[in-house]
Amino acid sequence: QNLQRMGFKANVVCADASKFEGQGEFDGVLLDAPCSATGTIRRHPELPYVKSERDIWQLARVQSRLLDHAATLVKREGLLVYCTCSLEPEEGEQQIDKFLQRHSEFCVYEDATKWVELPPDFEVAPGMLRTLPHFQVGGNVGMDGFFAAAMRRRA
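If you read the sequence shown in my numbering, its first letter stands for residue 1, the second for the next number, and so on.
Just to be clear, a hint being listed does not mean it is correct.
Stated by the list, open to error - The following label-pair restraints were derived from C-beta to C-beta distances:
{"no.": "1", "residue 1": "Arg43", "residue 2": "Val124", "range": "21 to 31 Å"}
{"no.": "2", "residue 1": "Asp32", "residue 2": "Ser52", "range": "21 to 31 Å"}
{"no.": "3", "residue 1": "Ala125", "residue 2": "Gln4", "range": "10 to 20 Å"}
{"no.": "4", "residue 1": "Gln1", "residue 2": "Asp55", "range": "32 to 42 Å"}
Treat the hints as calculated values from the structure; they're not laboratory data. None of these values were measured; they are calculated from a predicted model. Backbone N, C-alpha and C fix where the C-beta goes; we use that ideal spot for every residue, glycine too.
Full structure from sequences and hints, please.
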């Protein structure tokens, strides 16, 4: 609906990200990876009692595999955007650092965080943003914690 309302055209595909085939076909891939959801703690205060460190490490391994597979789907000069609703660095910045070490054909797309005007606290590094549950925007009380990074496949 929103794509149509805004006049954008997109081929939206919903599939099992670990099995989807399409080697180098896409200008952009958005991987909203399964995560610990610790960024939703404001709305779900029970999270520290139901999520363990082991859960986070297991999820980080799944995210790593999904990122590796998503990378195969992106065209040269295409974008790979990775996001989670986690506060854990293992599921955010550290995940991206490790991905970039494994995939020299990708680099952080530093201009991505310039597309919109972000409050200074949101940008953790060029091309990466993080929101925290205590952040307030436009008078709203709190928001979910969230991490996103944009990476471009080199030519």
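Taking the hints in turn, this is what the structure says about them:
{"no.": "1", "hint": "Arg43 x Val124: 21 to 31 Å", "in the structure": "22 Å, holds"}
{"no.": "2", "hint": "Asp32 x Ser52: 21 to 31 Å", "in the structure": "23 Å, holds"}
{"no.": "3", "hint": "Ala125 x Gln4: 10 to 20 Å", "in the structure": "34 Å, violated"}
{"no.": "4", "hint": "Gln1 x Asp55: 32 to 42 Å", "in the structure": "34 Å, holds"}
In the structure shown, a violation is registered for the earlier hint numbered 3 alone.
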